[in-house]
Amino acid sequence: MTRLRTIFVTPAAVLMLVTIVVPAAIICVYSVLSRGAYGGVELPWTIENYGRLIDPLYGGIFVRSVGLAAAATVLCILLGFPLALFIAQSGARRNLYLSLVILPFWTSFLIRLYAWMFLLRDTGLINTALQSLGLIHQPLPLLYNTGAVLLGLVYGFLPFAVLPIYATLERLDKSLLEAAADLGARPLAVLTRVTLPLCAPGIGAAAILVFVPSLGTYITSDLLGGSKTILIGNLVQNQFTTARDWPFGAAISIVLMIVAVMLMFAVRRRGEELL
Amino acid sequence: MKRGLEVYAIAIYAFLHLPLLILAIFSVNASRFTAWQGFSLHWYQAMFADRDLLESAGNSLAIAVASTALSTVIGTLAAYALWRRASNWLAGGLYLSLVTPEIVTGVSLLALFQWAFRYVDFRLGMHTVILAHVSFSIAYVVVVVLARLRGFDPALEEAAQDLGATEFAAFRRVTLPYLAPAVAAAAMLAFTISIDDYVITSLVAGVDSQTLPMVIYAMARRGVSPVLNAVSTTIVVLLGTLVLLSERLRRA
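These protein sequence lines are chains Z and X, in that order. First residue of the first sequence: 1, per my numbering; consecutive thereafter. First residue of the second sequence: 1001, per my numbering; consecutive thereafter.
If you are wondering where the hints come from, they were derived from the structure by calculation, not from laboratory data. Worth double-checking, as some hints may not be accurate.
To be verified - Computed from the model, here is a short list of chain X residues facing chain Z with C-beta under 7 Å: (1) Leu1005; (2) Leu1016; (3) Leu1021; (4) Thr1034; (5) Tyr1080; (6) Gly1093; (7) Ala1111; (8) Thr1192; (9) Tyr1198; (10) Leu1245; (11) Glu1247; (12) Leu1249.
For glycine and all other residues, C-beta sits at the position ideal for the given N, C-alpha and C.
Could you build the full structure based on these sequences and the hints that come with them?
Have a look at this one:
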């Protein structure tokens, strides 16, 4: 009875062990080693890599990354909640509306960022349009700044916020809303005092699904932020490529991973099951 | 309130879809500047004449086909095993692969490969990219297939076995046909994620395994170009079709 299950589970288990567990262990070990003379890692053991995380030089990058990720999370939830509500209330056409959210979710993040480069650059559509209308004379510096990165994050991760909120709204017991209305609550009161609290697990899941990838983002800041907006993701990438300081890059990775895992447990405890 | 919500939804859908639509319109613009000068397929011709693009598209396709085949098979089997009896270890590993930021997955795999290459005579190349892609697509396959299994009645398998089918025959002849739409949907998603990935791929690819997103990324960093508009439009249309098909199958 269980022999077949064992055979079926083995390839995935081996793969997860080799490509998830072992690499995580290697990164863990590297994070407490010293940087080698030629860019590798070597003894002695040290925790200095973690000490450097609070260095003011990098402190600014962390603060900016966390701030941007938090701002993107709040914006995605504020923008996503009404849309989820709209989809949940739209009856027979909800599958169509849902597909319109899912479609950008799966189609090339890279290309969607490029589309914004096309719109925001000095000779892009927005600046060209504003200039030809005579509203501005010099192009506005829309691209290559922190605002553009935030826009890219919200644009890229909005579907991550809409989907889990929609999922809880769909499962919501409608009779509770009717009961509140019958007892005299106005629509706005039903929304803020019944719907919203009942949606808390979905909103929590949305927050984490937006926050974690935003915190680790690398291409958004690279393409829309230019060289001025360096975030944690860029720092990690840089340590493993040009700077060749693997132990420091590993230490940052470990911190990112711990944050992601802790947030994941927080969501699972609230009963949002993915698997 | 209802009316206001509708207007709001239209605005958000415009925000989500207009940028790509505008890009598509300008991809058939005769001019290379942001001014409409008539319809032209010039940039599409230029796209098909670009050897870097074609070669990398070939690499991406080969990687996507190989990693999709592997991750769909491994993921489907794992989903079935998890459905029969939950495994905290495997589920934990899959969760971890879903929530780890891409850049961390990428550098972890790079560290793994560099470490392994000390003992085996190998270098970064197509095979390392394929292994990385299989690793991060499996969780998605499991999620999609497991969702379908939740609606499956185990009594059907038991009936097949009572009628003399072996355990494997019951799986192959009863369960698998029921799972077929979800497996197809999962395969399409795995394909989409694979052909689209830049962050992880760029870290574990070798000099001879440039993928399409890597070439696109390099082009985008140099700035906007009309050829890139054409490439983007082509990819979005192809992937979009695949995603919609997958959605339809998943809900079948």
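Fill in: Given hint Leu1249(X) near chain Z, where the shortest CB pair must fall under 7 Å
violated (13 Å)
| Can Thr1034(X) be said to touch chain Z, with a Cβ gap under 7 Å? | Holds - the Cβ of Thr1034(X) comes within 7 Å of chain Z, reaching about 5 Å at its closest.
Hint check: is the beta carbon of Gly1093(X) less than 7 Å from a beta carbon of chain Z?
Holds. Min distance 4 Å.
At a threshold of 7 Å, is the proposed contact between Leu1016(X) and chain Z supported by beta-carbon distances?
Interface hint status for Leu1016(X): holds (5 Å vs cutoff 7 Å).
Interface hint outcome for Glu1247(X) [beta carbon to chain Z under 7 Å]
holds (6 Å)
**OP:** Grab the minimum C-beta distance from Tyr1080(X) to chain Z and call the hint holds if it beats 7 Å, violated otherwise.
**Re:** holds (6 Å)
Let's test the interface hint: is any C-beta of chain Z closer than 7 Å to that of Leu1021(X)? violated (9 Å)
Holds or violated: the hint that Tyr1198(X) contacts chain Z, with Cβ atoms closer than 7 Å.
holds (5 Å)
### Query
Close enough to count: is the Cβ of Thr1192(X) nearer than 7 Å to one in chain Z?
Hint holds; Thr1192(X) Cβ to chain Z Cβ min 5 Å, cut 7 Å.
>> Let's test the interface hint: is any C-beta of chain Z closer than 7 Å to that of Leu1245(X)?
In response: Where the cut-off is 7 Å and the nearest Cβ of chain Z is about 11 Å from Leu1245(X), the hint is violated.
Can the hint on Ala1111(X) be confirmed by a CB-to-CB distance to chain Z that is less than 7 Å? holds (5 Å)
Hint check: 7 Å Cβ-Cβ cutoff, Leu1005(X) to chain Z
holds (5 Å)
Taken one by one, the earlier hints fail for this structure at numbers 3, 10 and 12, listed in ascending order.
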